[in-house]
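Got chain A sorted already, so can you dock chains B, C, D, E and F onto it with the hints?
Below, each chain spelled out in residue letters.
6 protein chains.
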Amino acid sequence: MKTNIRGFIGCDAGYEEAQAVLFGAPFDSTTSFRPGARFGPAAMRAESFGMETYSPYQMRELEELSLFDAGDLDLPFGNAAAALGEIEGAAAEILRDGKLPCLIGGEHLVTLGSVRAAAKKFPELRLIHFDAHADLRDEYMGERLSHASVMRRCHDLLGDGRIFQFGIRSGCKEEMAWAHGRVKMEKFRADTAAEAAREIGEAPVYITVDLDVIDPSEFPGTGTPEAGGLCFSELLDALLSLRGFDVKAFDVCELSPHYDRSGVSTALACKTLREMLLAYL
Amino acid sequence: MKTNIRGFIGCDAGYEEAQAVLFGAPFDSTTSFRPGARFGPAAMRAESFGMETYSPYQMRELEELSLFDAGDLDLPFGNAAAALGEIEGAAAEILRDGKLPCLIGGEHLVTLGSVRAAAKKFPELRLIHFDAHADLRDEYMGERLSHASVMRRCHDLLGDGRIFQFGIRSGCKEEMAWAHGRVKMEKFRADTAAEAAREIGEAPVYITVDLDVIDPSEFPGTGTPEAGGLCFSELLDALLSLRGFDVKAFDVCELSPHYDRSGVSTALACKTLREMLLAYL
Amino acid sequence: MKTNIRGFIGCDAGYEEAQAVLFGAPFDSTTSFRPGARFGPAAMRAESFGMETYSPYQMRELEELSLFDAGDLDLPFGNAAAALGEIEGAAAEILRDGKLPCLIGGEHLVTLGSVRAAAKKFPELRLIHFDAHADLRDEYMGERLSHASVMRRCHDLLGDGRIFQFGIRSGCKEEMAWAHGRVKMEKFRADTAAEAAREIGEAPVYITVDLDVIDPSEFPGTGTPEAGGLCFSELLDALLSLRGFDVKAFDVCELSPHYDRSGVSTALACKTLREMLLAYL
Amino acid sequence: MKTNIRGFIGCDAGYEEAQAVLFGAPFDSTTSFRPGARFGPAAMRAESFGMETYSPYQMRELEELSLFDAGDLDLPFGNAAAALGEIEGAAAEILRDGKLPCLIGGEHLVTLGSVRAAAKKFPELRLIHFDAHADLRDEYMGERLSHASVMRRCHDLLGDGRIFQFGIRSGCKEEMAWAHGRVKMEKFRADTAAEAAREIGEAPVYITVDLDVIDPSEFPGTGTPEAGGLCFSELLDALLSLRGFDVKAFDVCELSPHYDRSGVSTALACKTLREMLLAYL
Amino acid sequence: MKTNIRGFIGCDAGYEEAQAVLFGAPFDSTTSFRPGARFGPAAMRAESFGMETYSPYQMRELEELSLFDAGDLDLPFGNAAAALGEIEGAAAEILRDGKLPCLIGGEHLVTLGSVRAAAKKFPELRLIHFDAHADLRDEYMGERLSHASVMRRCHDLLGDGRIFQFGIRSGCKEEMAWAHGRVKMEKFRADTAAEAAREIGEAPVYITVDLDVIDPSEFPGTGTPEAGGLCFSELLDALLSLRGFDVKAFDVCELSPHYDRSGVSTALACKTLREMLLAYL
Amino acid sequence: MKTNIRGFIGCDAGYEEAQAVLFGAPFDSTTSFRPGARFGPAAMRAESFGMETYSPYQMRELEELSLFDAGDLDLPFGNAAAALGEIEGAAAEILRDGKLPCLIGGEHLVTLGSVRAAAKKFPELRLIHFDAHADLRDEYMGERLSHASVMRRCHDLLGDGRIFQFGIRSGCKEEMAWAHGRVKMEKFRADTAAEAAREIGEAPVYITVDLDVIDPSEFPGTGTPEAGGLCFSELLDALLSLRGFDVKAFDVCELSPHYDRSGVSTALACKTLREMLLAYL
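From first to last, the protein sequence lines are chains A, B, C, D, E and F.
With full-length UniProt numbering, the residue at position 249 of the first sequence is 249, and numbering never jumps.
With full-length UniProt numbering, the residue at position 238 of the second sequence is 238, and numbering never jumps.
With full-length UniProt numbering, the residue at position 203 of the third sequence is 203, and numbering never jumps.
With full-length UniProt numbering, the residue at position 153 of the fourth sequence is 153, and numbering never jumps.
With full-length UniProt numbering, the residue at position 127 of the fifth sequence is 127, and numbering never jumps.
With full-length UniProt numbering, the residue at position 268 of the sixth sequence is 268, and numbering never jumps.
Only chain A is shown next, with the shape it has when bound in the complex (with noise of 0.2 Å):
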């Protein structure tokens, strides 16, 4: 008798035959408003069910790729450091073995610890940053790890000009300020990511999407809310025009499901990363 509790939809490969590989992180401790992202990689799992392995969009089936799901990190609540370790050692296994990581957060913080594998293996690596918020704070209430902070501290992993925002559309005075000439933001859009990010060209690159960057009319299952966002199509749009970019690893991060009980914003949660899936392998 063998069991029979799923991960996510279409992830049926053993870990040695997986090209990518799906681990989440359900941390949400620095969280400074509404705390919840914790619960989101458990609950795209169980609503992936509802959505079907083919995409009318690519024309593509989940089920021809190989997919490992390697369920959820134990991190410890409260402790940033020691959270963004565990992570940054899962990423760097997945990267040594030659596989995509593919990490389901958890607040944005966690992108960090899966940057920072990347960046060391990959040291010329581009970030590409769908957003509502800039997370360019250099610190939030005397933190300097802290989701409103995780941009500004992948900034000082990989420098000037290699890290480009979409969709931004909240930030502090001195945070925008900070940017110019830093990073490239383009704010309330995603439709120019394919023309800013050109000059990436054959550099290895990062995608992270902060899933609020979404209008929250769409995707009301997040901590902060920030009205005038992007529709669906048009981050799905953006994401597959990046198809061409040598995309090392990405991430999804910021569904915070308690807060959308219709289950919408954990659909389209599990939808982009289909979608993601079939457009980066």
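Treat the hints with caution; some may be incorrect.
To be verified - Cross-link-like lysine-lysine pairs, in silico, BS3-like; alpha carbons within 27 Å at most: (1) C:Lys184 - C:Lys173; (2) D:Lys2 - B:Lys120; (3) C:Lys120 - F:Lys121; (4) A:Lys2 - E:Lys2; (5) A:Lys2 - E:Lys121; (6) D:Lys184 - D:Lys120.
Said to hold, decoys possible - Per label pair, the in silico range of CB-to-CB distance: (7) F:Phe49 - D:Arg144: 16 to 24 Å; (8) D:Gln58 - C:Ala177: 52 to 60 Å; (9) E:Glu64 - D:Ser233: 33 to 41 Å; (10) B:Asp12 - F:Phe49: 21 to 29 Å; (11) B:Asp74 - E:Arg96: 41 to 49 Å; (12) C:Thr192 - A:Gly85: 50 to 58 Å; (13) C:Arg144 - E:Ser233: 55 to 63 Å; (14) C:Asp74 - D:Gly201: 45 to 53 Å; (15) D:Asp97 - B:Asp12: 36 to 44 Å; (16) F:Glu139 - E:Glu61: 13 to 21 Å; (17) B:Gln58 - C:Glu199: 24 to 32 Å.
Just so you know, the hints here were simulated from the structure itself, not pulled from any lab data.
By construction, the Cβ of each residue, glycine as well, lies at the ideal position given by its N, Cα and C atoms.
Relative to chain A, chains B, C, D, E and F alone:
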């Protein structure tokens, strides 16, 4: 002392004088993911009183029509064949009496009962179908009478070239392939409805609206939300563009009100029904 | 030891030095369908701390303004006349002291109190009105002081040609007919606001925003959701297009937060208020 | 074709042959804290079909009674005096026709309308009152027709010693003091009901149940939850202990179903009504 | 890299060494009122990690047992006969391998599959049944395989005097009459369980817990809430009082988690399962 | 014009004249399962206005006390040590000024800050603790400053025999064993509180109430619901039985209002605080 338990707003006529008859089919037994469409018709009756009877889109007044609300059919849970028989019987009676049957689902399978009655009376029947899902599987988990197979069963009745689909954005690989040359499927959009349906000409028409054709941001009250759908205005424009056709019956399906406690989905369903009544009578 | 019970974000000034004064009118007694707008002002204060004080749209900072939040008026439930008296009194005091009154509803009827005060001080007052509903009935179920009659009562004060409506998509046949030649009503859209209002010129202006002008997908937290509304960006563009006018007072109304447990509607209301404060001060 | 829009379960008689008549008063305009009791009667009708018609407590069958459900009265929001007039009229008509009026609230103020009709027909009327709140204020925020004053207004009609209260666990200092010698108030419990009411003897009785007498754990669907209430079995025992009295009319009030999405409160309200019908007919 | 997708807390053994095997039956197709028990097993697995593995009631530790969680069976929606076949097959396999089958429903009909397997292996089987509802109808809306008939079908297998019911507080008149002399029914209470079941002696026992035997205040997450139920402590005492019997299999059913968003019902279900595992192994 | 943004009901005094000072600690960063206690204090302030200021249990009036509500402390998320420092500072200031500190949590860890201040001022301090959980672990997932360790840290300060626990019904095997001879733990009940605490005599007392000591049926608004708890009346009786002791400070913790949308849990928390204020001042 008379009772004051109300049907859908504006349905103040007796059966005899009514031009159109609303009837509910509170059935969701074949729903595979999240049930609840059984509660749709009752929710729509209650919520309809939050809406005006006047349409600023068509500048017409619902109270100037003669409408009868027959309430809900008593349908056996778990027996799709018997439920479809009940629905077909009711639709046939309404058609026989020269009135327009307006079915309120329930899951989308209920459409089959009403289409059977219409196709018997009007052998040249065409079917115009708005939906997120193609519903063209030959069977689902072994069942041929399933919400996921309803359009396939309609095709069994109507044959090639008689079904026109709009807004489709989900399906398995096999049904998408099967559809070629058999049904006219417009993916992702509906603004082509009038143009695509022009070949119908004078033939009798059945219009079925699976409300999940609407984007889940506007219509979260449904069991299998699919991001990237139509907005209400797009659906409304498409429905109004079909006013010239000879509509013999129609339905609206798949409102599952418990998944949207705000009442927004139910209100949208009511408004869709108001506009269809005003458009096709 | 001082108390740290907070008003709306950024309202750190005392009354004396404030340029603008926020005051809440937690009243919904004439609501006919689903009550709850009484909870709007308190919800906005609490949720406002999830929002930045900086606007990337106007590139202005709320904390650079001098704002005072007067909290909520104590209004008698079930006595519309008395409640309107309280609201008028507060607005008149703020106007007398040369400050901008910013009323937070409550149901839309509360606007009448504030408009009365403004019209007494500025006899040439014009009213710019964003709403899904025309609110032009002469009475509703026998009541002349009703949310459904508030614009009609404003017309009693201001006369023909002084009221400019945008985004209207619901009304009864009679009020739509009555409106012709009396108020300037733009149905379904608001992008014409600046153009349509050009004739106002230098005259003093009151702007009232019934937040249900926004589509219920983006703003489900309201009592009578009407599909087919504006998106936030459209409302924002319209509001910003009015920056040149001489705005003497404004309000935002009809947030009913209990109908949207995700917090999305409240966050949108806060952002609308932030942008209006930055635009008209 | 007949309509199948249903009233309360088991109400299959016409008005003429009915022994008892249910009528709803969907009114909550004087509610000061959290409105929503207006939705109570409709929720009870819908939910009643989840309940058996047979009582294992009384071993009696609802379908063996002759019951008529008159639906809801059309009551003007915001006008308590007019609403009470409508309610009194309906109750008087039912009493005149020799039937038992069974009022479904709505906020507790609606009881006053029904008590007026009963007191006119039965001048010796006694009132048995189950409630968490004493409802004995002379006015509330200036209003004498308020949910918080309903028993005081009944006392105006009935005089000293005619009102018997059970389960009271909330009141202001003044009303508690006023009650001494005027009403018989049992705090916190109801198991003394039959004993305390023994002095009523053959006199005609009106029983009013504010469902918030039940502990909010069992009945969360109410506007002002008060911990420390009765459990359902205690209320049921008390109600059944009153079977020997000459009950002329009764009501159940203050179900506010939106505050309990589980349906538990509504189901409890239905069961209470079933047991009262079986006990007093 | 191993996967970390978890079953029920404490289920860390492989199938081979396990003393007991948990398996879920996510089926609710015959539910007539409010569906959703299909989501019960998955919710219990996720919520179980909020609970300690140590029982202060029995002073025993779940981690000292050898438990295997087989996950959920894949059951065909809408086909009760086929679903029961799957359940019976799984239970028979577990019994054949000398382990304790612990079934997690799903609606109560699933019990029949497991009881069939147990009765085949243990012809002297007795059934101890905790439930709000008698479930003794011969058919329900024409269906003999229905949640409302499950105990009747078990009686078909086991015969008179073999079924012991506790906590029953709902049933139709006919089934209550039929029960006399055939099943031993204790209405409203369960504290007599050990005494009433004493006659079972050494015979093999199946225990089925329909969780709605608990009062809906403590367990609102169920489709047909019946006020006046047991509290958790009463159920626990009854279950622990049965420790001396030869329990061969058991189940817990009818958690419908969506109706209780607080998680309280799911937590109670988990705790019940923990205590049953500790009591009967 | 003065502001009307309100604290807890009845808190109308200035700091100087106040006998007792309420202060909120909106912190939940170490919560391991379901966060949200950070929203407790604000919810209690808003909900308190649905409650009378008069207690029919103690026949005392809150408005006759002098109370000051200091609002919420600004606490750094994710830094437990710093947060505890802030809390200790506020409690120390209030104690220094001869007033009663009344802390409103937040997760239970916040108690440690207030106990530290009290223990410094009153070295003979005893701690009376109502809770579902023992909270006696030495560390939790590596953290010594954790909600699950708060009583262990208090024991570090106070030593053996100074902590009296009531209502405990959950703990790991190790902490239950550790407790013997070190803390006085009453499992499952609290009616022995006065008797068990008699040995305290004249010594100064701190009372901490983790509201999850209440059964989750009455208090679902908490992160880790444990069936089988006290009812409100049992807790109230226990609290009132402690009126003779020399209470120097107290707290109520662990209301997580988002998990109970009905408002019932928040109302119970408010009532508990009202009764404690009336009992110990």
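Hint by hint, here is what the structure shows:
Restraint check for Lys184 of chain C and Lys173 of chain C: satisfied, since their Cα atoms lie roughly 16 Å apart, inside the 27 Å limit. Distance check on the hinted pair: Lys2 of chain D and Lys120 of chain B sit about 24 Å apart at the alpha-carbon level, within 27 Å; holds. Under the criterion of a C-alpha separation no larger than 27 Å, the hint pairing Lys120 of chain C with Lys121 of chain F is inconsistent with the structure, at around 61 Å. Our distance criterion of 27 Å between C-alpha atoms is met by Lys2 of chain A and Lys2 of chain E, whose separation comes to about 16 Å.
Note on Lys2 of chain A and Lys121 of chain E: the hinted pairing holds, with a Cα-Cα distance of about 23 Å set against a maximum of 27 Å. The hinted pair formed by Lys184 of chain D and Lys120 of chain D meets the criterion: a straight-line CA distance of about 22 Å does not exceed 27 Å. Against the hinted window of 16 to 24 Å, the Cβ-Cβ separation of Phe49 of chain F and Arg144 of chain D comes to about 22 Å, which satisfies the hint. A hinted range of 52 to 60 Å holds for the C-beta pair Gln58 of chain D and Ala177 of chain C, which are about 58 Å apart.
The hint said 33 to 41 Å for the Cβ distance between Glu64 of chain E and Ser233 of chain D, and at roughly 39 Å that hint holds. For the hinted restraint 21 to 29 Å between Asp12 of chain B and Phe49 of chain F, the CB-CB distance of approximately 43 Å leaves it violated. Checking the proposed 41 to 49 Å range against Asp74 of chain B and Arg96 of chain E shows it holds: the Cβ atoms sit about 44 Å from each other. For Thr192 of chain C and Gly85 of chain A, the Cβ-Cβ distance of about 56 Å falls inside the hinted range of 50 to 58 Å, so the restraint holds.
Taken as a hint, the range 55 to 63 Å holds for the pair Arg144 of chain C and Ser233 of chain E, whose Cβ atoms sit roughly 58 Å apart. At about 47 Å, the CB distance of Asp74 of chain C to Gly201 of chain D agrees with the hint of 45 to 53 Å. Our hint of 36 to 44 Å for Asp97 of chain D and Asp12 of chain B is violated, since their Cβ atoms are close to 26 Å apart. A C-beta distance of roughly 19 Å is found between Glu139 of chain F and Glu61 of chain E, which places it inside the suggested range of 13 to 21 Å.
Between Gln58 of chain B and Glu199 of chain C the beta carbons are some 30 Å apart, a value that agrees with the proposed interval 24 to 32 Å.
The earlier numbered hints that this structure contradicts are 3, 10 and 15.
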